[in-house]
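This is what each chain is made of:
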Amino acid sequence: MGKKILTEKINIPGIREYDVYRQNGGYKSVEKALKEMTPEQLVESVKASGLRGRGGAGFPVGMKWSFIDKKSGKPRHLLVNADESEPGTFKDRYLMEFIPHLLIEGAIVSSFALEANLSYIYIRGEYMFVFKILEKAIKEAYANGWLGKNILGTGYNLDLYVHCGAGAYICGEETAQIESLEGKRGNPRIKPPFPAVSGLWNEPTVVNNVESIASIPWITLNGGEEYAKIGIGRSTGTKLISASGHIKNPGVYEIEMGMTVDEFMNSDEYLGGMIDDRPLKALIPGGSSVQILPPQYIFKTANGDDRLMSYESWSDGGPVTGSSLGSGGFIVYNDTACIVRNTWNLSRFYHHESCGQCSPCREGTGWMEKILYRIEHGQGTEEDVDLLWDIQANIEGNTICPLGDAAAWPVAAAIRHFREEFEYHIRFPEKIKNRNHFREEPMEKVRQLLVK
Amino acid sequence: MERVIIKQFTQQVNITDEVMARIGELTSHYPEGKQKSALLPVLHLVQDAHDNWLSVDLMDKVAEILQIKPIEVYEVATFYSMYNLKPVAKYKFEFCRTACCSIRGAEDLMDYTCSKLGVKEGEITPDGLFSVAGVECLGACGYAPMLQLGDFYHEHMTPEKIDELIENCKQGKVEFYSE
Ligand SMILES: Cc1cc2nc3c(=O)[nH]c(=O)nc-3n(C[C@H](O)[C@H](O)[C@H](O)COP(=O)(O)O)c2cc1C
Ligand code: SF4
Ligand code: FES
Numbered sequence: 008m009g010k011k012i013l014t015e016k017i018n019i020p021g022i023r024e025y026d027v028y029r030q031n032g033g034y035k036s037v038e039k040a041l042k043e044m045t046p047e048q049l050v051e052s053v054k055a056s057g058l059r060g061r062g063g064a065g066f067p068v069g070m071k072w073s074f075i076d077k078k079s080g081k082p083r084h085l086l087v088n089a090d091e092s093e094p095g096t097f098k099d100r101y102l103m104e105f106i107p108h109l110l111i112e113g114a115i116v117s118s119f120a121l122e123a124n125l126s127y128i129y130i131r132g133e134y135m136f137v138f139k140i141l142e143k144a145i146k147e148a149y150a151n152g153w154l155g156k157n158i159l160g161t162g163y164n165l166d167l168y169v170h171c172g173a174g175a176y177i178c179g180e181e182t183a184q185i186e187s188l189e190g191k192r193g194n195p196r197i198k199p200p201f202p203a204v205s206g207l208w209n210e211p212t213v214v215n216n217v218e219s220i221a222s223i224p225w226i227t228l229n230g231g232e233e234y235a236k237i238g239i240g241r242s243t244g245t246k247l248i249s250a251s252g253h254i255k256n257p258g259v260y261e262i263e264m265g266m267t268v269d270e271f272m273n274s275d276e277y278l279g280g281m282i283d284d285r286p287l288k289a290l291i292p293g294g295s296s297v298q299i300l301p302p303q304y305i306f307k308t309a310n311g312d313d314r315l316m317s318y319e320s321w322s323d324g325g326p327v328t329g330s331s332l333g334s335g336g337f338i339v340y341n342d343t344a345c346i347v348r349n350t351w352n353l354s355r356f357y358h359h360e361s362c363g364q365c366s367p368c369r370e371g372t373g374w375m376e377k378i379l380y381r382i383e384h385g386q387g388t389e390e391d392v393d394l395l396w397d398i399q400a401n402i403e404g405n406t407i408c409p410l411g412d413a414a415a416w417p418v419a420a421a422i423r424h425f426r427e428e429f430e431y432h433i434r435f436p437e438k439i440k441n442r443n444h445f446r447e448e449p450m451e452k453v454r455q456l457l458v459k
Numbered sequence: 008m009e010r011v012i013i014k015q016f017t018q019q020v021n022i023t024d025e026v027m028a029r030i031g032e033l034t035s036h037y038p039e040g041k042q043k044s045a046l047l048p049v050l051h052l053v054q055d056a057h058d059n060w061l062s063v064d065l066m067d068k069v070a071e072i073l074q075i076k077p078i079e080v081y082e083v084a085t086f087y088s089m090y091n092l093k094p095v096a097k098y099k100f101e102f103c104r105t106a107c108c109s110i111r112g113a114e115d116l117m118d119y120t121c122s123k124l125g126v127k128e129g130e131i132t133p134d135g136l137f138s139v140a141g142v143e144c145l146g147a148c149g150y151a152p153m154l155q156l157g158d159f160y161h162e163h164m165t166p167e168k169i170d171e172l173i174e175n176c177k178q179g180k181v182e183f184y185s186e
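Residue numbers (my numbering), protein chains in the order written: chain G, 8 to 459; chain P, 8 to 186.
Just so you know, these hints were derived from the structure itself, not from any lab. The beta-carbon is built from N, C-alpha and C at its ideal position, and this holds for glycine as well. Careful: at least some of the hints might be erroneous.
Said to hold, decoys possible - Chain P is nowhere near these chain G residues, computed Cβ spacing over 12 Å in every case:
#1 G32
#2 E427
#3 V458
Stated by the list, open to error - So, partial list: chain G residues that the calculated Cβ filter (under 10 Å) puts toward chain P:
#4 E93
#5 V169
#6 H170
#7 G193
#8 N194
To be verified - In silico EDC-like links for lysine to aspartate or glutamate, alpha-carbon gap of 20 Å or less:
#9 P:K99 / P:D170
#10 G:K191 / P:E39
#11 G:K139 / P:E25
#12 G:K440 / P:E114
Sequences are here, hints too, so could you generate the full structure?
Below, the structure written as structure tokens:
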């Protein structure tokens with residue numbers, strides 16, 4: 008059993024309720040932070056922990072906190088990113104649904120560290136049932152003196168509210184989220200200025216993922232150095248992984264970083280191997296925006312090292328033979344899955360979710376979807392694959408926000424690693440009519456057809 | 008898909024005292040003069056209170072309450088996929104059909120549901136009760152296939168569970184909004 012920091016208490020009956028949470032040591036980190044520590048000490052402690060942002064980009068949390076503008080004297084804000092819309096990712100929901108007070112506790116300590124007096128949790132609109140759980144928990148926190156004026160008699164004031172979105176993946180991007188919280192369309196802003204200087208209502212704002220903020224109570228109570236002892240290299244601490252697809256035990260797992268991918272995928276304590284014991288075809292390790300990998304790069308890196316569940320190990324090999332830990336959305340595909348269909352499916356997602364501000368993203372995602380639709384439906388041509396490659400290459404790096412890259416990378420990786428499936432679709436349209444064609448005849452069985 | 012406002016769809020606008028009080032509570036979450044921030048939550052609220060869709064009249068009313076221009080409301084209502092801009096079925100079965108759900112049979116289950124209800128995707132049954140739509144990832148990827156109905160998620164769905172859900176809807180036994 009690995010160390011549990013976030014989910015240690017999640018199975019205690021009634022832990023969703025304030026009283027049970029408090030009886031089990033809840034809100035102790037607020038007492039410690041407000042009574043015994045200064046904001047600077049908290050920032051230092053989080054820096055020492057090595058905690059990296061759990062929303063996908065992995066930016067060090069303590070460093071981000073140290074960038075917040077405290078000099079201008081403008082009001083500051085913490086914005087907890089609970090938009091969680093990256094396909095394959097459902098970990099933040101698990102925390103908020105079952106142990107909501109942990110997030111609130113983390114948000115209070117983090118706001119204190121940032122010297123913020125008004126903070127928000129921005130949750131996706133589809134999580135309305137979770138919104139209501141959080142709202143209730145926040146009410147309980149107010150009623151028990153953890154929020155509001157003069158908290159614990161220390162003179163510190165904090166208001167915390169939960170705010171809901173209304174169905175837009177792009178509002179997970181931090182500047183789009185700020186726009187959305189201001190009551191506007193979710194169009195990302197051009198950076199700089201960064202939110203830490205000019206964010207919500209042009210005031211200094213730090214945006215952090217739910218899981219990042221939920222790690223703060225433990226770090227505060229145990230010290231950043233202790234946290235840094237968990238994990239491996241620059242991947243400190245534990246990470247929530249949400250696993251889906253063709254595995255025996257889908258769900259959310261907290262793992263210590265550095266575990267081998269083999270153990271995570273195949274041991275009974277975790278994913279338990281493939282359903283029906285069918286062969287593994289592909290894996291997306293960190294949410295739909297990262298590179299899909301074929302089996303030879305899943306358990307080993309291109310150098311033959313064991314692949315580990317860590318930021319460094321997943322990105323070993325770069326976009327060519329590696330991928331990224333991303334959000335921890337772990338999607339497993341067996342031989343019945345069709346990579347062409349999957350790539351079309353994801354490009355439809357990105358096209359649908361593009362905010363439309365920049366033409367490479369707005370048009371490019373549409374073109375990719377169209378071409379992939381064509382190939383998936385037996386109307387593709389040999390040139391289409393090269394065309395796709397060109398389009399994705401022209402989106403990458405040419406847009407305001409990273410959604411453009413996120414749309415491009417999965418397409419590039421699918422072509423790089425699974426080109427034969429595209430060829431098969433183009434050359435044998437009569438064999439791919441049924442969307443489940445690989446269930447009947449997996450690639451293994453038809454590969455010989457491709458030999459010219 | 009283009010999300011457009013079509014003026015000929017009209018509805019009776021009725022902002023009850025209860026809804027008005029809740030709007031007051033929501034706007035109090037933002038500083039003085041920043042009441043526009045409450046726009047998304049307020050639109051959810053009034054939509055829930057108006058058969059789950061937003062007419063131009065209703066949006067204009069929201070603009071008036073929040074003291075912003077109607078165009079500011081339209082801009083937002085057309086951007087976010089959860090706002091319905093025309094009348095909808097009472098029970099909207101929204102299936103996630105993104106990658107993780109797709110490989111676990113979401114599309115097959117959608118087809119099943121459509122044929123069971125005798126509708127195509129996007130159509131409403133003649134009695135106004137049901138519709139079926141495909142939506143993007145709902146954050147339930149490990150519990151696929153799944154659908155959203157009102158505030159709730161129905162996960163690990165099968166054809167048998169779909170039959171049961173339809174039956175329960177017909178009998179008015181299905182929870183819609185969480186308290
Ligand atoms: C298109 C897009 C969608 C994103 N969605 C999310 C999201 O749902 N949740 C999240 O925490 N971060 C998301 N991010 C990352 C945020 O912009 C931001 O980096 C993050 O919330 C910072 O928190 P962290 O440093 O704690 O990870 C997204 C980024 C992009 C470009
Ligand atoms: S990259 Fe796409 S989503 Fe991001 S700002 Fe440009 S158009 Fe909008
Ligand atoms: S892919 Fe269906 S809920 Fe995420």
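Each hint, compared with the structure:
For G32 (chain G), the requirement that its beta carbon stay farther than 12 Å from each beta carbon of chain P is met, with the minimum near 28 Å. Interface exclusion of E427 (chain G) from chain P stands, the closest Cβ pair being 19 Å apart, more than 12 Å. Here V458 (chain G) stays apart from chain P, with its beta-carbon at least about 28 Å from theirs, past the 12 Å limit. Taken as an interface hint, E93 (chain G) checks out: its beta carbon lies about 7 Å from the nearest beta carbon of chain P, inside 10 Å.
The criterion of a C-beta within 10 Å of any C-beta in chain P is met by V169 (chain G), whose closest approach is roughly 9 Å, and the hint holds. With a least beta-carbon distance of about 7 Å to chain P, the hint placing H170 (chain G) at the interface is held under the 10 Å criterion. Of the supplied interface hints, the one on G193 (chain G) holds, with its beta-carbon coming within about 7 Å of a beta-carbon of chain P, less than 10 Å. Interface hint status for N194 (chain G): upheld, as the beta-carbon distance to the closest one in chain P is roughly 9 Å, under 10 Å.
Taken as a hint, the K99 (chain P) and D170 (chain P) pair is honoured in the structure, with Cα atoms around 15 Å apart against an allowance of 20 Å. Using a Cα cut-off of 20 Å, the hinted pair K191 (chain G) and E39 (chain P) holds, with the two alpha carbons roughly 17 Å apart. Among the hinted pairs, K139 (chain G) with E25 (chain P) is consistent with the structure: their alpha-carbon atoms are about 18 Å apart, no more than 20 Å. Between K440 (chain G) and E114 (chain P), the direct Cα distance comes to roughly 15 Å. Compliance with the 20 Å bound is thereby established for this hinted pair.
The structure is consistent with each of the numbered hints, conforming to all of them.
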